[in-house]
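A.B. asks: Those protein sequence lines, which keep their order, are chains G and Y. When you read off a place in the first sequence, starting at 1, and then add 56, the result is the number in my numbering. When you read off a place in the second sequence, starting at 1, and then add 1369, the result is the number in my numbering.
It is worth saying that the hints were derived from the structure and are not from the lab. Among these hints, one or two may not hold up.
[Said to hold, decoys possible] Reference excerpt, derived from the structure (chain Y facing chain G, CB under 7 Å, subset only): (1) 1416; (2) 1428; (3) 1432; (4) 1434; (5) 1450.
Quick caveat, the model's predicted, so the values are computed rather than measured. For each residue, glycine too, the CB sits at the ideal point set by N, CA and C.
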Amino acid sequence: MPQFDPTFFAPQLVWLAITFTLLYLLMSTVALPRIGEVLEERQRKIQDNLDKALALKTEAEAAIASYEKALAESRAKAQEMLRETQDRLSKQAEQRQKEVSARLAEQIQAGEVRIQAVKEQAMASVRDVALEIAEATAQRLTGQAPARASLDAAVAGAMKE
Amino acid sequence: MANPIEQFEIRPLVPMEVAGVNVSFTNSSLLMVAAVVLITVFLTVGMRHRSLVPGRWQSMAEMSYEFVANMLRDNVGSEGRKYFPFIFTLFMFVLFGNLLGMIPFSFTFTSHTIVTFALAAFVFIMVTIIGFARHGTHYLRMFFPHGAPLVTAVILVPIELISYLSRPFSLAVRLSANMTVGHIMLKVVAGFVPIGILGILPLGFLAGITILEFGIALLQAYVFTILSCIYLNDAINMH
């Protein structure tokens, strides 16, 4: 077999040494650093983008949190305002009711007083009318005017009944 | 039928002699130079765009880089980082030597035991030097496992020593024998093809084992490299 022929051992070993060394130098100085750079650059880019995405995510979460906080605050404020307004309105209504009822009571009282006065006046005029009627009636029947005192007594007696 | 051994013959293309040593440029040398040129072109031209999103060619160049880098990291760890150019060169050189041999009428320089032995011996010597440089005489612990009873040293030390010293031989012979046998088989089967219409059967078989040989070309380059990594790991981390 040619594998065991020592004639060509020397040239094979020499050329192996030359080519292998050359390849080693080419790989270690040119080819591998270039590939390594590209891979590193890609890794860096990917990491960069991931970092950026993470930053944006936290930012978005912070924005959501602050938005929700603002929402809750304004809701609480609205509640507060609603309660205050309700309080004020009910107080006002109470006040108004009190005033109105006071005025009404006053008016009722005044009315009652007037009614009383009118009633007294009416009663008084009823007596006068009765006296006149009695006087006229007695004059027609008897032909003479009756005594004032007896008329008074008779009318007072009739009104007492 | 052509002689199946003929394909392994070394033919001087440019006879040369330096200081009494035959340094002729042979068909073997031609294929070695071709491997160096092709590997360099494959890696540098493939990476010329330095694309962030690689094309097919750049992907293949990156894949070969990452394949060897992962092999080295998995077997040796981060300490093996500085030997990466060497291991990568070893892998690509053997791989292209195997694959170029698959071209009809070319030559497989990895089928010559003297070449693979030179590579294996270089790995062996390098690894041994690294081992002694890192661990001093403690590296001799390699030949006697921890926890074994002292009496067993009489048997264990010679066994470990022989297994250690036989590494370059097994590494070299495994590769060259695989390449030689594969190519002889291809040639022998091919010799049966021109027998008429029935020659279609050996032709089909030939197609099958050609695919197999491509697989073996890849696998043997991988085996050669990973064993070198394992030996390197022994020297750096010990076991």
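A.B. asks: Would you settle whether the hint for residue 1416/Y is holds or violated, based on the nearest Cβ-Cβ distance to chain G being less than 7 Å?
C.D. replies: This interface hint holds because 5 Å falls under the 7 Å limit.
A.B. asks: Could you check if residue 1432/Y really has its C-beta closer than 7 Å to a C-beta on chain G?
C.D. replies: 10 Å, violated
A.B. asks: Measuring from the C-beta of residue 1434/Y to each C-beta in chain G, is the shortest one below 7 Å?
C.D. replies: Holds: closest Cβ of chain G sits about 5 Å from residue 1434/Y, inside 7 Å.
A.B. asks: When the nearest CB of chain G is found for residue 1428/Y, is that gap smaller than 7 Å?
C.D. replies: 11 Å, violated
A.B. asks: Quick check on the hint: residue 1450/Y CB to chain G CB, less than 7 Å?
C.D. replies: Since chain G brings no Cβ nearer than about 11 Å to residue 1450/Y, farther than 7 Å, the hint is violated.
Checked against the numbered hints above, the structure breaks hints 2, 3 and 5 and satisfies the rest.
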